[in-house]
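Sequences and hints are given; from them, build the entire structure.
Spelled out from the first residue to the last, the chains are:
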Amino acid sequence: MKEKLKSLLQKLFGDSVRAFGVVSLVFLFSLAIAPAKNHFSEWRHYQHGYLKMIRNRSDAVTLQRHFEGGIQQIWLPDLGVVDRCMSCHVGLKEASLNDVPTQPFRPHPVIPHKLDQFGCTICHRGQGAATTVAEAHNSTLAWEQPILPAKYIESSCGECHRGPLPGAPQLNQGRHLLSRYGCVHCHMVKLPDGKIMKATDDPPSLSHIGDKTTREWIYAWLKDPQAYAGTATMPNFKLSDDDARDMSAFLIANSTPLPGDTATLSAKASSDPSAGASLYGESFCASCHAVQNAAGNVVGGDVGPELTRVGNKVKPEWLQAWLRNPRDYDEETAMPHYRYNDAQVATLSGFLLAKTDSDLLANVHLEAATPEQIARGKRLVSDYGCASCHEIGGIKKPENFAPELSRIGNKPVTQLVFLPGMQHTLPDYIAAKIKQPRLFGQALKMPQYSFTPAQIDSLATALLALNDRAATLPPSLTVAATPESDYQPAGKAGKLMTDLACFSCHRINGHGGDMAPDLTWEGSSVQRQWLVGFLKNPNTLRPSLIRRMPRFNLTDGEANELTDYIMTVYQSPSVDRDSMPLSGYPQGEVELGKQLFYGKYACQGCHIVDTKSDKGYIGPTLTQVGSRLTAAWIFAWMKNPQALRPGTGEPNRAMSDEDARALTAFLISQKGGGKSEVAKK
Amino acid sequence: MIRQSLSIVALFATSLTTSCSRKTASAPLPQPTAFGSAIVESSGGKQTSQAGMALPQPLVVQVNDQQGTAVPGAMIEFSAAAGVAFDPAYGLTDSSGQVATNVTLGGIAGRYQLTAFTIDKSRKKVALTIEEIALGYQQTLGRQLNDQYCERCHNPESTVERVSNFDNLEIKPHPFSEGDTLNKMNDADLTAIIGHGGPALNKSALMPAWGNTLSKSDIEALISYTRAISDPPGHDAGPVYAKN
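The listed protein sequences derive, respectively, from chains A and B. Going left to right, the first sequence walks through residues 78 to 758 as our numbering numbers them. Going left to right, the second sequence walks through residues 29 to 272 as our numbering numbers them.
These aren't lab readings, by the way, just hints derived from the structure by calculation. Since the model is a prediction, treat every value here as computed from it, not as a measurement. In this text, a Cβ means the ideal position worked out from N, Cα and C, and glycines have one as well. Everything hinted at is true.
With a straight-line cut-off of 20 Å between C-alpha atoms, the simulated SDA-like cross-links for lysine to any residue are:
{"no.": "1", "chain 1": "A", "residue 1": "692", "chain 2": "B", "residue 2": "183"}
{"no.": "2", "chain 1": "A", "residue 1": "671", "chain 2": "B", "residue 2": "233"}
{"no.": "3", "chain 1": "A", "residue 1": "677", "chain 2": "B", "residue 2": "221"}
{"no.": "4", "chain 1": "A", "residue 1": "512", "chain 2": "B", "residue 2": "128"}
{"no.": "5", "chain 1": "A", "residue 1": "474", "chain 2": "A", "residue 2": "459"}
{"no.": "6", "chain 1": "A", "residue 1": "716", "chain 2": "B", "residue 2": "224"}
{"no.": "7", "chain 1": "B", "residue 1": "200", "chain 2": "B", "residue 2": "186"}
{"no.": "8", "chain 1": "B", "residue 1": "244", "chain 2": "A", "residue 2": "720"}
{"no.": "9", "chain 1": "A", "residue 1": "432", "chain 2": "A", "residue 2": "348"}
{"no.": "10", "chain 1": "A", "residue 1": "275", "chain 2": "A", "residue 2": "591"}
{"no.": "11", "chain 1": "A", "residue 1": "170", "chain 2": "B", "residue 2": "264"}
{"no.": "12", "chain 1": "A", "residue 1": "512", "chain 2": "B", "residue 2": "86"}
{"no.": "13", "chain 1": "B", "residue 1": "244", "chain 2": "A", "residue 2": "725"}
{"no.": "14", "chain 1": "B", "residue 1": "244", "chain 2": "B", "residue 2": "213"}
{"no.": "15", "chain 1": "A", "residue 1": "692", "chain 2": "B", "residue 2": "195"}
{"no.": "16", "chain 1": "A", "residue 1": "572", "chain 2": "A", "residue 2": "402"}
{"no.": "17", "chain 1": "B", "residue 1": "244", "chain 2": "A", "residue 2": "172"}
{"no.": "18", "chain 1": "A", "residue 1": "613", "chain 2": "A", "residue 2": "575"}
{"no.": "19", "chain 1": "A", "residue 1": "677", "chain 2": "B", "residue 2": "230"}
Chain B is faced by these chain A residues, among others (derived, beta-carbon under 7 Å):
{"no.": "20", "residue": "178"}
{"no.": "21", "residue": "227"}
{"no.": "22", "residue": "534"}
{"no.": "23", "residue": "679"}
{"no.": "24", "residue": "692"}
{"no.": "25", "residue": "695"}
{"no.": "26", "residue": "731"}
Right under this line is the structure:
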């Protein structure tokens, strides 16, 4: 062996000349490695490929002129961006390459931002400085930032845009679901702007649950909330029969009665289904509550719980007390106080109690609970964190029951436990965890939701946006969300508005729901007399809407109280309701307005003035608009509807003052007959 | 060379592939207990979603025999261009002869042709092609504007949430998917009629002018959306991705 080596050395470095030659060759080679590596680098290969591809295109000359060889880099020190992606993605700015089917030569799709101002990795993640495909796109031990899959791309929008963003529905939906399904009851989410994310699901207090329902129902619900109501937001905790038996025992034993609920039935529940259905309809219960119809579709709003099987759930005496005044049981409820009389309570409760499903409780047979079972139930109720969502007498709301998610978008992959066979990326982990949390460990407490794949992706999108960069962006780079105000109306009228739950549907001064019109400027918009009448007996303004203003059976005093408040307090600074008269316009102007209405602006496409000829169905009916709106409001509305009600479907026609005045004259002359003239369809 | 092709594969995987990690693989392929002779779409074709995202409804296909009766226990396999994920990617038809799968489209906007196969008695493949549309950012924005401002007149179908105004219009607009009409109008025509209303193209004033309500980029987004959903597709409908 030694001999052989010796002879080899002898052969190579025999004499000094030969030695010099060999050493120089070795040097030369090693010097050539760097340029050769450069020459054969991937980006050069792609740039060659690009030039070859564009050569035969009709737009070759332009593309050729735009082409710049070598490493291309976007450097944005403010954002910490050093992106060389365009060294391979050469055609990103060439819209004409839209017919190229695959990467890396497709143009970037149209977005509201300029590539030169944002770079690539701000949205797509990955390693911007890398110059090989693998290093740029995949994560390595040193760089843990793989490319974000396209399905989660909107999470990057969410780092800067803190409120709802047009064109990013997935992000918007994900954020909505985090609140709507109460994720944030257990998982604290401190938003990048410092606010704590609030839940919007409004779980009921369980302190008096024995008044409302039976142990059997609680048992069935705990076992499978969606079996009772497909739309229920409460997740399935996969409880064993024993667990559900003991927890239901505890909840009933722990419940204390409220005086009103246990009163004997004041009215016998009536069994006239048609009267019940029509009262349910007139009260527009369906605006907030859904019911599964014969075809199996769940129809109705989602502000309140689904009522398909409510007869299996509620006790008759509780239901009647609730219908009489829900605020006695739950002061904060979104449900209005309808002021039903005894007969109406009887009719409506009879109708609702008949909504049952004989299968639901058929197999629930519970024996009287033992003290041990109740004690065990209490332990389970604490262990599962029920009090994170529900108020339960004697049990404290646990703090930080589940891991905080404020920076989940940056959780290092090394800290995650993956399931066998799944990709080791953070987005995959989050999605899998939401989909089936207990797969990650039988002892885990996170419950099972029944989200669709699209909902899971949207939740993951919203969560990925909660990361270090979002939290540390300078405010100048962020687009803040419009904060929900905590506006409360004052005085007697204010109390009345709370009692009627106006804010469950209407928004005023930045507070409230979005189901019904914003009332911030209602006092400038409507005439006093009309408002009093409407509050007492709301008729339909928009025949095409399924959600409508219910009738609350207000007294004259109440209707006047509310009207006075609205007329004085809710005024627009830009519309002086007394600046234009409600009548007395010259006939010529009215006539001109009519021509404009049917001709130039073709308003009859959406509105009805003459019930005999007009058919427009999607805007408010205008047969009595002259008794409803103020002339000043109509004029301002003609000039710029979006300025008065952002997002309204009425187009801004940039009308001249003359046209707007003539249309105002025409519309204000539509005083209607005494009766509602809504077209009967 | 090998390295290059590997990296191209990696590139495709990362730019196109979304998550196909939840494959039900590893379990052995189930054996069909029956064979049909035709495969038909039951629901879920012609949907739109955003690029890279799950379709709103599952795709449901059905295997029938020669008499057109549903066949339970037949095997169905789904396939499509790289980047499209099916959950599950195959399965045996249920008691009503159907298999439902959740589909996630590829990361680039365009038209995705999905294929569903079954095998007939003579072990021949019977295939069905279904098209789904993936929208990019601009088209997604267009879709949202359409929902907010246009759909009520242009879509003749009503939903629970939105009553259509189509029947009430003396002159009927066209649904934006109606390629036979809209493909004949170039972008300048569409910009003119959306911005300035029907009279801009000597059409009815029942089509209002939106130029003071919508921005220039909003109108571009609406046009881009109508092009994307056009049926039959026009020349600028976006690339087609089929299994090659």
